[in-house]
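2 protein chains.
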Amino acid sequence: MKEKLTIIKVGGKIVEEETTLNRLLADFSVIEGYKLLVHGGGRSATKLAVQLGIESKMVNGRRITDAETLKVVTMVYGGLVNKNIVAGLQAKGVNAIGLTGADMDVIRSVKRPVKDVDYGFVGDVEKVNAGFLSTLIRQGIVPVMAPLTHDGKGSMLNTNADTIAGETAKALASLFDVTLVYCFEKKGVLRDENDDDSVIPVITPDDFKELVAKGVIQGGMIPKLENSFAAIDAGVEQVIITLASSINGENGTVIKK
Amino acid sequence: MKEKLTIIKVGGKIVEEETTLNRLLADFSVIEGYKLLVHGGGRSATKLAVQLGIESKMVNGRRITDAETLKVVTMVYGGLVNKNIVAGLQAKGVNAIGLTGADMDVIRSVKRPVKDVDYGFVGDVEKVNAGFLSTLIRQGIVPVMAPLTHDGKGSMLNTNADTIAGETAKALASLFDVTLVYCFEKKGVLRDENDDDSVIPVITPDDFKELVAKGVIQGGMIPKLENSFAAIDAGVEQVIITLASSINGENGTVIKK
Numbered sequence: 030m031k032e033k034l035t036i037i038k039v040g041g042k043i044v045e046e047e048t049t050l051n052r053l054l055a056d057f058s059v060i061e062g063y064k065l066l067v068h069g070g071g072r073s074a075t076k077l078a079v080q081l082g083i084e085s086k087m088v089n090g091r092r093i094t095d096a097e098t099l100k101v102v103t104m105v106y107g108g109l110v111n112k113n114i115v116a117g118l119q120a121k122g123v124n125a126i127g128l129t130g131a132d133m134d135v136i137r138s139v140k141r142p143v144k145d146v147d148y149g150f151v152g153d154v155e156k157v158n159a160g161f162l163s164t165l166i167r168q169g170i171v172p173v174m175a176p177l178t179h180d181g182k183g184s185m186l187n188t189n190a191d192t193i194a195g196e197t198a199k200a201l202a203s204l205f206d207v208t209l210v211y212c213f214e215k216k217g218v219l220r221d222e223n224d225d226d227s228v229i230p231v232i233t234p235d236d237f238k239e240l241v242a243k244g245v246i247q248g249g250m251i252p253k254l255e256n257s258f259a260a261i262d263a264g265v266e267q268v269i270i271t272l273a274s275s276i277n278g279e280n281g282t283v284i285k286k
Numbered sequence: 030m031k032e033k034l035t036i037i038k039v040g041g042k043i044v045e046e047e048t049t050l051n052r053l054l055a056d057f058s059v060i061e062g063y064k065l066l067v068h069g070g071g072r073s074a075t076k077l078a079v080q081l082g083i084e085s086k087m088v089n090g091r092r093i094t095d096a097e098t099l100k101v102v103t104m105v106y107g108g109l110v111n112k113n114i115v116a117g118l119q120a121k122g123v124n125a126i127g128l129t130g131a132d133m134d135v136i137r138s139v140k141r142p143v144k145d146v147d148y149g150f151v152g153d154v155e156k157v158n159a160g161f162l163s164t165l166i167r168q169g170i171v172p173v174m175a176p177l178t179h180d181g182k183g184s185m186l187n188t189n190a191d192t193i194a195g196e197t198a199k200a201l202a203s204l205f206d207v208t209l210v211y212c213f214e215k216k217g218v219l220r221d222e223n224d225d226d227s228v229i230p231v232i233t234p235d236d237f238k239e240l241v242a243k244g245v246i247q248g249g250m251i252p253k254l255e256n257s258f259a260a261i262d263a264g265v266e267q268v269i270i271t272l273a274s275s276i277n278g279e280n281g282t283v284i285k286k
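Heads up: the sequence lines are chains A and B, in that order.
Residues in the first sequence are numbered consecutively from 30, following the working numbering.
Residues in the second sequence are numbered consecutively from 30, following the working numbering.
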């Protein structure tokens, strides 16, 4: 039987504010068994960019990453946010290690081809090195992954944190019994966006089709759920969409076959 | 017989300019056997601080690190400079991993006690985790260490890169046959500071005393050599002081018993 691995993805907002970060670190540190954290950091990147007079351009919720913006996200995601989390986890006795995709060649990506939009130094994941990651994990080390990859030609690339979490979960699914938890600002996928307590407890592929057809699930939640089903199809045991404060609990929406 | 490990320390200037960085990466990548790189990044930190309107205060060549400056060095050393080097080495087939002291608790330090000067968030090295480092190294992974440590209580600390290199060399000396190379802007320790070719090929402790007494060695070179002899006393095989472009060569000044 495969051992359990919990992969938690938290957005920028949670890790960038001291109160929510401390709560997350406390909750994450008591998760039993193997675990891995993927974090964002977009708000801090935007803040630093503003301070440096660099304009943040977003298209479809994704950051256009020119050479100067790449420096900003490398500093913020790989340096400030990542090391703050790692030092915070060490203080709680969790033997964390901060990783970008370049470190140990853990995630290699290709610079996104220019079609309608030139996203600049943005990477689409090509390969996750499950071998190195699992070697670390089995030593009791907890990877803390920044939303950065590399192209194998010397350049870092900016990569969406949801994608890092999903691709890592898929790559590790043959080695571990993986639960992937996407944390966001709501308790789960809501039946009524104006009612925070209207969490849909379980969504299967059939439910999903029906909920989309009825217009209950819409907008940015659609790609999140599509990614979740793709992870399930690739062998991930379950995907949970919930609040960061519920990563240990029984709340949230469970996505399953 | 212990296997050979080469530890190279390079200053900020070398890793912050594209031409010298590329040269360094090429030279470093062809070093045979186990290796480890320690880098600085002070010039980039100062540059970012200026852009952010943060004053850089230096005392005895050391940066006073207040909370805002700690953020700057964490971004620059742990993010920008470190990941640039790691991605650059990966492109040359070197399986590099970027580390601060917080990652895998590799270097724990204590915040420097306030005496005449309050250095702020500056860490004096307490413990280097030789076990984790050697496990990585023996897997063929090449640590690239930023001049940052942590206090075990959740805070990163700014730590001098020469010190990181020296303490890491000492800690690994019982496990490997360690050569420690300090790269700087001169070919080696010079007999005449105005003659770049007046490199002193070998310095023993007796030579050192004599050269200091005669005033040949003075200023910042004195603590550098004292640290070198301390490393030798702690079991490091040899210390070499040379140009970054000579890390593979036979040039420079060899410090030995």
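Any given hint could turn out to be false.
You can't tell identical chains apart in this list, so a pair holds if it fits in one copy or across any two.
With a Cα cut of at most 27 Å, we get these calculated DSS-like pairs of lysine-lysine [as the list claims (entries may be wrong)]:
id, residue 1, residue 2
1, Lys182, Lys121
2, Lys156, Lys243
3, Lys286, Lys121
4, Lys121, Lys140
5, Lys182, Lys42
6, Lys144, Lys42
7, Lys140, Lys286
8, Lys33, Lys140
9, Lys238, Lys182
10, Lys86, Lys76
11, Lys238, Lys140
12, Lys156, Lys121
13, Lys42, Lys31
14, Lys238, Lys121
15, Lys243, Lys286
16, Lys86, Lys216
17, Lys86, Lys286
18, Lys243, Lys76
19, Lys121, Lys86
20, Lys285, Lys31
21, Lys243, Lys121
FYI, nobody ran anything at the bench for these hints, they're computed from the structure.
Each hint, compared with the structure:
1. Taking the shortest Cα distances, Lys182 and Lys121 sit within 27 Å of each other only across copies (8 Å), while inside one copy they are farther apart (37 Å).
2. When the C-alpha separation of Lys156 and Lys243 is checked against a cutoff of 27 Å, the pair qualifies neither within a copy, at 36 Å, nor between copies, at 60 Å.
3. When the C-alpha separation of Lys286 and Lys121 is checked against a cutoff of 27 Å, the pair qualifies neither within a copy, at 36 Å, nor between copies, at 43 Å.
4. Taking identical chains as interchangeable, the C-alpha atoms of Lys121 and Lys140 lie at most 27 Å apart only when they sit on different chains, with a minimum of 18 Å there against 37 Å within one chain.
5. When the C-alpha separation of Lys182 and Lys42 is checked against a cutoff of 27 Å, the pair qualifies only between copies, where the shortest distance is 23 Å, while the shortest distance within a copy is 32 Å.
6. In the homo-oligomer, the alpha carbons of Lys144 and Lys42 never lie at most 27 Å apart, since the shortest distance is 30 Å inside one protomer and 39 Å across protomers.
7. Within a single copy, Lys140 and Lys286 get their C-alpha atoms no closer than 32 Å, and across copies no closer than 52 Å, so neither meets the 27 Å cut-off.
8. Neither within a single protomer nor between protomers do Lys33 and Lys140 lie at most 27 Å apart by alpha-carbon distance, with minima of 33 Å and 38 Å respectively.
9. For the homomeric pair Lys238 and Lys182, neither the shortest alpha-carbon distance inside one copy (41 Å) nor that between copies (48 Å) is at most 27 Å.
10. In this assembly of identical chains, Lys86 and Lys76 lie within 27 Å of each other by CA distance both inside one copy and across copies; the values are 13 Å within and 24 Å between.
11. Taking CA atoms no more than 27 Å apart as the test, Lys238 paired with Lys140 passes in neither setting, with 32 Å inside one copy and 56 Å between copies.
12. Taking the closest pair of Cα atoms, Lys156 and Lys121 come within 27 Å of each other only across two copies (18 Å); inside a single copy the shortest separation is 32 Å, beyond that limit.
13. For a Cα distance limit of 27 Å, the shortest separation of Lys42 from Lys31 qualifies neither inside one copy, at 33 Å, nor across copies, at 48 Å.
14. In this homomeric assembly, Lys238 and Lys121 never come within 27 Å of each other (Cα to Cα): the closest approach is 42 Å inside a single copy and 47 Å across copies.
15. Within a single copy, Lys243 and Lys286 get their C-alpha atoms as close as 20 Å, which meets the 27 Å cut-off; across copies the closest is 80 Å, which misses it.
16. When the C-alpha separation of Lys86 and Lys216 is checked against a cutoff of 27 Å, the pair qualifies neither within a copy, at 29 Å, nor between copies, at 46 Å.
17. When the C-alpha separation of Lys86 and Lys286 is checked against a cutoff of 27 Å, the pair qualifies neither within a copy, at 37 Å, nor between copies, at 59 Å.
18. When the C-alpha separation of Lys243 and Lys76 is checked against a cutoff of 27 Å, the pair qualifies neither within a copy, at 38 Å, nor between copies, at 55 Å.
19. Within a single copy, Lys121 and Lys86 get their C-alpha atoms no closer than 37 Å, and across copies no closer than 32 Å, so neither meets the 27 Å cut-off.
20. Taking identical chains as interchangeable, the C-alpha atoms of Lys285 and Lys31 lie at most 27 Å apart only when both belong to the same chain, with a minimum of 19 Å there against 52 Å between chains.
21. Neither within a single protomer nor between protomers do Lys243 and Lys121 lie at most 27 Å apart by alpha-carbon distance, with minima of 45 Å and 53 Å respectively.
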